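Chemist: Sequence:
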Amino acid sequence: MSKGITSKNEDYSQWYNDIVIKADLAEHSSVKGCMVIKPYGYSIWEKIQAVLDQKFKDTGHSNAYFPLFIPKSYFSKEASHVDGFATECAVVTHYRLKNDGNGNIVVDETAKLEEELIVRPTSETIIWNTYKGWIQSYRDLPLLINQWANVVRWEMRTRLFLRTTEFLWQEGHTAHATADEAIEETRKMLDVYADFAENWMAVPVVKGVKTPNERFAGALDTYCIEALMQDGKALQAGTSHFLGQNFAKAFDVKFTSKEGKQEHVWATSWGVSTRLMGALIMAHSDDAGLVLPPKLAPIQVVIVPIYKTDEELKNITSFVDELVAKLKRLGVSVKYDDRDSQRPGFKFAEYELKGVPVRLAIGARDMENGTVELARRDTREKQTVTQDGLEIFIPQLLEDIQQNIFSKALNFRQDHITEANSYDEFKELLDGKAGFISAHWDGTPETEQKIKEETKATIRCIPLENKLEDGVCIYSGKPSTQRVLFARAY
Numbered sequence: 001m002s003k004g005i006t007s008k009n010e011d012y013s014q015w016y017n018d019i020v021i022k023a024d025l026a027e028h029s030s031v032k033g034c035m036v037i038k039p040y041g042y043s044i045w046e047k048i049q050a051v052l053d054q055k056f057k058d059t060g061h062s063n064a065y066f067p068l069f070i071p072k073s074y075f076s077k078e079a080s081h082v083d084g085f086a087t088e089c090a091v092v093t094h095y096r097l098k099n100d101g102n103g104n105i106v107v108d109e110t111a112k113l114e115e116e117l118i119v120r121p122t123s124e125t126i127i128w129n130t131y132k133g134w135i136q137s138y139r140d141l142p143l144l145i146n147q148w149a150n151v152v153r154w155e156m157r158t159r160l161f162l163r164t165t166e167f168l169w170q171e172g173h174t175a176h177a178t179a180d181e182a183i184e185e186t187r188k189m190l191d192v193y194a195d196f197a198e199n200w201m202a203v204p205v206v207k208g209v210k211t212p213n214e215r216f217a218g219a220l221d222t223y224c225i226e227a228l229m230q231d232g233k234a235l236q237a238g239t240s241h242f243l244g245q246n247f248a249k250a251f252d253v254k255f256t257s258k259e260g261k262q263e264h265v266w267a268t269s270w271g272v273s274t275r276l277m278g279a280l281i282m283a284h285s286d287d288a289g290l291v292l293p294p295k296l297a298p299i300q301v302v303i304v305p306i307y308k309t310d311e312e313l314k315n316i317t318s319f320v321d322e323l324v325a326k327l328k329r330l331g332v333s334v335k336y337d338d339r340d341s342q343r344p345g346f347k348f349a350e351y352e353l354k355g356v357p358v359r360l361a362i363g364a365r366d367m368e369n370g371t372v373e374l375a376r377r378d379t380r381e382k383q384t385v386t387q388d389g390l391e392i393f394i395p396q397l398l399e400d401i402q403q404n405i406f407s408k409a410l411n412f413r414q415d416h417i418t419e420a421n422s423y424d425e426f427k428e429l430l431d432g433k434a435g436f437i438s439a440h441w442d443g444t445p446e447t448e449q450k451i452k453e454e455t456k457a458t459i460r461c462i463p464l465e466n467k468l469e470d471g472v473c474i475y476s477g478k479p480s481t482q483r484v485l486f487a488r489a490y
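Its first residue numbered 1, the sequence shown is counted upward by one per residue in UniProt numbering.
You can take every hint at face value.
Here are the computed distance ranges between Cβ atoms for each label pair: (1) Asn-150 with Asp-83: 19 to 27 Å; (2) Gln-14 with Ala-489: 15 to 23 Å; (3) Thr-158 with Lys-456: 17 to 25 Å; (4) Arg-329 with Val-107: 54 to 62 Å; (5) Thr-158 with Leu-464: 26 to 34 Å; (6) Arg-96 with Thr-158: 25 to 33 Å; (7) Gly-133 with Asp-83: 23 to 31 Å; (8) Val-31 with Glu-465: 40 to 48 Å.
Here are the computed lysine-lysine pairs in the DSS-like style, where the Cα-Cα straight-line distance is at most 30 Å: (9) Lys-427 with Lys-233; (10) Lys-408 with Lys-456; (11) Lys-408 with Lys-55; (12) Lys-188 with Lys-254; (13) Lys-456 with Lys-433; (14) Lys-132 with Lys-112; (15) Lys-77 with Lys-254.
The hints are simulated quantities; they were obtained by calculation from the structure and are not laboratory data. Note that the structure is predicted; figures quoted are calculated from it, not measured. All C-beta atoms in this analysis are idealised placements derived from N, C-alpha and C, irrespective of residue type, glycine included.
Make the full structure from the sequences, and use the hints.
Modeler: Printed below as a string of structure tokens:
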């Protein structure tokens, strides 16, 4: 098959779009700004979802579901929150259509809602309005709830998976008796996200806290994991917010403490989205297509028979059926592609494009020799291996591939964290090597905004456990106590 993928060094943006489309992950919808996630892309998302869902349950959380529509009045109760989302909200004003008599379907102007409804951009307001009825006593705390849902944030410039008007995500919303408990929860969920990114997605991340300028609307603190893509741009891969008592006070969510006092609860929220699909593509893929870490690959091993006669195919199939059964018992997902409508070369190119980690090719001569030809997607290396013990060799190989993909991404990240000690050096690095730039900042939002306006670089995070060191801000020359990580970002 002809791949027709633009080289990432030639046009990174087009390379990304080519992989999304040609690897059958997603396509643009007829609804402007929205996407259709195709079965192969959705199967990767289902794997992401399954792993995270279990992690949430293992940390004591339960799933629930809240309405898609939020009364507009709820947003006005938490001022900074509404300011943060006002320009992205889709608003429902009417509830009926009618025929205008000329064969046109129009909005029925008599069916205007008494109060407009907002299509959820995030669910803090509707959830905290609900929690008011769920929480009365300290015995009701902590309340640990997660929701898998879709959200809508109106976007003018969209990119598949990275930024679309509607996207899929999960959002955790928890209530606690003390600030310390809420902060502990916020940090715990950040660790869950970091563990998932590194050990399943094979994407190394920096854990940090956002500056006030970059903080989630309505939060006291936003913690984040930041990943680096192969073009040197950063991608925020997950956030966890300490909300303080802002939403509890806005919606009057109180509990009776052990001492019999009425107190407002403390809150967190945290989430990741289908943006992780974009991270997966941009962190690992190459000019031949998608490269998937085995832990998230819908198909971990594909087997392609090479034959001339029905007898040869029968012989190969007999061996493959036994191997497939052994691998499946070990939890390895295997596909045997014996389609006679496509030649082996077409299949090889197709599975390389789709990022299948391991490909086995078995011909008549292989059956005589007791061997198979094995190709790794991560290195594109081929080797001939014996058929004996394949069910032991392959799971070990999948672990090696998972680790190799992570190591490659980690080495890239380490090579692209650079210190800058002057504004000129900072700008030179941004336009040249790119990546994360570690530099001193005077701590003021004004300086941060000026740098963003002049260079399009933002402070991605203040790394957790950052070492303190005296220095001067690269922009203002004022004293600074630590370096922060800047980058241009998605």
